[in-house]
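Residue numbers (the working numbering), protein chains in the order written: chain P, 1 to 425; chain V, 1 to 414.
Only true hints are included.
With a Cα cut of at most 30 angstroms, we get these calculated DSSO-like pairs of lysine-lysine:
(1) LYS282/V / LYS151/P
(2) LYS153/P / LYS313/V
(3) LYS282/V / LYS183/P
(4) LYS160/V / LYS153/P
(5) LYS342/V / LYS213/P
(6) LYS196/P / LYS78/P
(7) LYS296/P / LYS160/V
(8) LYS282/V / LYS134/P
(9) LYS120/V / LYS250/P
(10) LYS296/P / LYS167/V
(11) LYS413/P / LYS170/P
(12) LYS283/V / LYS134/P
(13) LYS253/V / LYS111/P
(14) LYS63/P / LYS283/V
(15) LYS250/P / LYS232/V
(16) LYS160/V / LYS250/P
(17) LYS282/V / LYS63/P
(18) LYS174/V / LYS290/P
(19) LYS296/P / LYS114/V
(20) LYS160/V / LYS151/P
(21) LYS143/P / LYS282/V
(22) LYS313/V / LYS183/P
(23) LYS283/V / LYS180/P
(24) LYS120/V / LYS424/P
(25) LYS151/P / LYS232/V
(26) LYS325/P / LYS120/V
(27) LYS296/P / LYS120/V
(28) LYS114/V / LYS290/P
(29) LYS39/P / LYS374/P
(30) LYS325/P / LYS167/V
(31) LYS111/P / LYS342/V
Only some residues are given here: those of chain P computed to face chain V with a beta carbon under 8 angstroms:
(32) LEU8
(33) PRO43
(34) ASP89
(35) GLY92
(36) LYS250
(37) LEU358
(38) SER360
(39) GLN362
What the hints contain is simulated information worked out from the structure, not anything from laboratory work. All residues carry an ideal CB built from backbone N, CA and C; glycine is no exception.
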Amino acid sequence: MKENNNLLDRRSAPKIHLPGLSSIPMPIELHPGLLYFEKKGCPVFKLDIVFPHAGLGNSSLKKENMMVADLLLSGTSKYNAQELNESLDSLGSYYNIYTDYYKSTLSIYGKNDKYSEILALWNHILNDIYFDPKEIEIYINQKVNNLNIQKSKTSYQAKKCINKAWFGSKNVLGYMLQEKDFKGLNINTLSTFYAKNFLKYYFILSGEIESKKAIEWATKFKITGSYSFCVDKINFEKRKTDKNSYTIEKSNQSSVIARVEIPNRLHKDYAALSMLNLILGGYFGARIMKNIREEKGWTYGMYSVIRNFDTIAYLEISGDVLADKVGSVISEIEREVRILCEEEVSKEEWNMAKNYYLGSLQRSFDSFFSHSDKFLSLQETTLNLDWYYFFVEEIKKLEAADVKKAANTYLNKETLFYTWSGPKQ
Amino acid sequence: MIEFSEFELENGLRVIHHQDITTPLVHVNILYNVGSRDENPEHTGLAHLFEHLMFSGSVNIPEFDSAVQHAGGTNNAFTNTDITNYYITLPAQNIETALWLESDRMISLDFSEKNLTVQKGVVIEEFKQRYLNQPYGDMWLQLRPLVYEKYPYSWATIGKEIEHVQKTEIDHIKSFFSRFYNPSNAILCIAGNIGLDETKNLVKKWFSDIPAGKQNINSYAEETNTSVEKRKTIHADVPQDMLVMAFKVKSRKDPSYYALDILSDLLGKSDSSRLYDELVRKKQLFSQLYSYVTGELGPGMFVIEGKLSPGIKIEEAEKEVWEILDNIKQGHCSEEEFEKIKNKTETAHLFSLTSPLNIAMALCMGKNMGNANLVNEESSLFQQVSRETTIKLANEIWIKNNTNVLYYLANERK
Chain P
1 MKENNNLLDR RSAPKIHLPG LSSIPMPIEL HPGLLYFEKK GCPVFKLDIV FPHAGLGNSS
61 LKKENMMVAD LLLSGTSKYN AQELNESLDS LGSYYNIYTD YYKSTLSIYG KNDKYSEILA
121 LWNHILNDIY FDPKEIEIYI NQKVNNLNIQ KSKTSYQAKK CINKAWFGSK NVLGYMLQEK
181 DFKGLNINTL STFYAKNFLK YYFILSGEIE SKKAIEWATK FKITGSYSFC VDKINFEKRK
241 TDKNSYTIEK SNQSSVIARV EIPNRLHKDY AALSMLNLIL GGYFGARIMK NIREEKGWTY
301 GMYSVIRNFD TIAYLEISGD VLADKVGSVI SEIEREVRIL CEEEVSKEEW NMAKNYYLGS
361 LQRSFDSFFS HSDKFLSLQE TTLNLDWYYF FVEEIKKLEA ADVKKAANTY LNKETLFYTW
421 SGPKQ
Chain V
1 MIEFSEFELE NGLRVIHHQD ITTPLVHVNI LYNVGSRDEN PEHTGLAHLF EHLMFSGSVN
61 IPEFDSAVQH AGGTNNAFTN TDITNYYITL PAQNIETALW LESDRMISLD FSEKNLTVQK
121 GVVIEEFKQR YLNQPYGDMW LQLRPLVYEK YPYSWATIGK EIEHVQKTEI DHIKSFFSRF
181 YNPSNAILCI AGNIGLDETK NLVKKWFSDI PAGKQNINSY AEETNTSVEK RKTIHADVPQ
241 DMLVMAFKVK SRKDPSYYAL DILSDLLGKS DSSRLYDELV RKKQLFSQLY SYVTGELGPG
301 MFVIEGKLSP GIKIEEAEKE VWEILDNIKQ GHCSEEEFEK IKNKTETAHL FSLTSPLNIA
361 MALCMGKNMG NANLVNEESS LFQQVSRETT IKLANEIWIK NNTNVLYYLA NERK
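Work the whole structure out from these sequences, hints included.
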């Protein structure tokens with residue numbers, strides 16, 4: 001220890017103030033199909049173009065929505081892929097595309113002074129798209145090669161096993177694309193899916209763009225005022241089979257996944273389940289992390305998350321662990337679940353978890369350009385951002401007994417569903 | 001323009017303050033001038049293992065993470081070849097918790113055998129997860145010793161091998177702490193919803209009693225300029241061959257860095273870059289191919305990395321890469337191409353400054369390089385790079401006796 005006889009007394013912690021949500025940014029509808037998050041003085045913008053009919057739920061097992069999204073810049077009748085990429089780069093703009101069960105979202109980033117030029121280019125692309133066979137060939141090559149890399153990873157194989165068992169192999173979420181799916185891709189499949197599912201979209205604009213200009217461009221894009229998706233309801237098959245593992249002998253680690261069905265955020269127990277998830281494995285101080293990482297050193301990280309669908313949800317625990325510890329890790333997960341069912345969380349742990357959760361909700365609204373992502377993440381349950389006011393109050397009202405009750409209602413050894421991948425145990 | 005203020009405590013702690021009243025949060029970022037280059041070549045991975053131990057309790061506080069979480073905050077850290085950086089984000093009204101924690105672990109850690117044993121286990125699992133259990137995961141373990149001969153960059157931050165992490169003992173940790181973890185060797189930035197006066201008062205309250213210690217002088221063996229091209233071939237259970245070419249370049253602090261960064265973007269950052277257009281799109285020799293600069297404070301690397309398409313001979317692929325490099329060296333690139341890269345750089349820079357945590361880190365990094373205001377100056381430094389300077393630089397670095405080539409070949413599948 002450094003020598004100084006006049007050190008400040010640091011034995012007591014400074015006083016803590018409970019974090020809270022002061023204000024949640026709400027988007028303004030400038031025009032039907034044009035939502036706007038405004039930030040004064042921001043020199044850059046983000047435009048999310050949301051395709052609510054182009055989710056995985058609108059695709060066949062071949063996941064056409066993902067393939068179309070990946071190939072949006074493959075060409076138009078006027079420009080080839082190289083020219084389109086060159087033009088976007090020259091405008092200093094970049095983009096990314098995200099797809100999930102309900103929708104595809106194209107996020108475009110750029111400087112305000114290039115707004116019109118960037119939107120003119122994207123308007124041309126979306127209205128005059130041409131899936132260039134040469135670009136499709138390159139894409140297939142890249143995807144097949146990437147698939148071969150993924151197949152050698154334990155995390156991929158464990159995920160493949162659990163999705164197949166959980167959703168069923170005939171559900172788009174239960175199926176992982178194979179080489180033959182990519183090799184069978186052709187221009188007709190892409191063009192047909194695009195024409196049917198990608199021509200209806202709405203905008204979420206974030207930044208500071210003059211409203212007249214924003215409306216003018218939205219009108220040129222012929223956006224629709226419909227924000228709702230149109231997919232079949234999700235059903236969990238949870239088919240127990242003898243193939244709940246995949247052996248990769250030479251692997252240095254094993255991947256373990258555990259899932260349990262729970263109600264989604266529309267349910268009255270959701271706040272208690274969210275706290276349960278947090279305490280079990282939802283943050284660095286969670287019990288699984290303390291047990292398996294900090295006490296035993298069996299993993300670099302093992303966390304749990306809740307995945308919401310429109311009528312249902314699941315809680316998933318996953319991580320890469322010491323190669324031969326699959327059985328031990330599963331036993332420890334079951335032990336932690338049992339403790340949550342049998343014992344109330346101590347006052348100290350409860351306060352820490354609650355404060356952390358309230359703080360994380362506050363932090364999640366700190367980054368301006370993530371507001372649209374949060375807005376979209378609620379779409380499957382058709383909730384608005386002001387739901388967070390309600391949710392924060394629900395969290396504040398919770399008591400440790402509520403979490404114990406939720407654990408007993410939804411979690412036990414029998415409802416947990418496991419898969420793993422790694423060397424033979 | 002990022003507004004900030006700087007001050008220094010008597011014990012040498014350099015402090016930067018940036019106020020942002022639009023956020024309810026505050027970010028406390030602390031950079032220690034110590035990285036993996038400060039390790040003994042026979043005992044590597046210590047700087048990174050030490051980063052883990054910084055969360056295992058300090059002299060007065062048994063649990064670091066719990067205290068942050070209790071205050072509604074979150075925290076993390078990273079280590080690289082040159083620095084170790086820690087940060088805490090929490091509600092602004094709880095800032096004293098962050099300063100209490102950071103100051104306590106700057107005084108001393110809880111050097112227990114149990115903590116060390118557990119964290120060695122965690123780091124070994126990280127070693128496996130990131131470097132051994134991924135296809136091509138060991139690339140940096142292979143490339144660094146090929147490129148560097150004398151400068152202590154010849155091992156990855158995680159360490160040369162698991163055994164180096166395994167053999168660490170408490171005395172190694174104590175000695176590392178006393179050498180590098182003190183106010184003189186640290187830069188603290190507080191960014192968020194807090195005023196300058198309050199920042200000064202709180203920083204003085206929590207840090208001014210800590211003995212100064214010594215600043216790391218950052219003196220290292222000079223890297224030699226080899227006169228031969230270096231090559232290495234590895235056979236592994238990977239799905240396809242990979243080509244890696246690395247050229248030694250000057251430090252991140254050298255003025256040439258900006259031209260170098262533009263050159264790497266022009267060559268291979270996006271789908272409109274030279275490498276992608278010619279060798280992925282037109283000739284389909286590679287399924288992925290890109291280039292980047294590592295940006296270390298010591299001698300860095302310009303890296304070209306690509307996975308080959310099936311059936312393509314790696315020698316042929318390398319020859320084609322050289323043709324692209326030679327083409328640029330001969331001056332075949334337009335002013336428009338340079339403008340394109342500069343425009344993208346400008347946009348990326350503006351987006352990075354929308355995050356107060358990014359600002360806090362950038363201010364600390366700049367200060368560690370001698371100028372906190374780099375965060376405001378770098379955009380213009382990129383814009384000033386000329387086509388001529390960049391082509392001249394390409395001719396200096398893309399030469400055979402500055403080339404290090406790694407052939408990463410897939411084992412025959414049974």
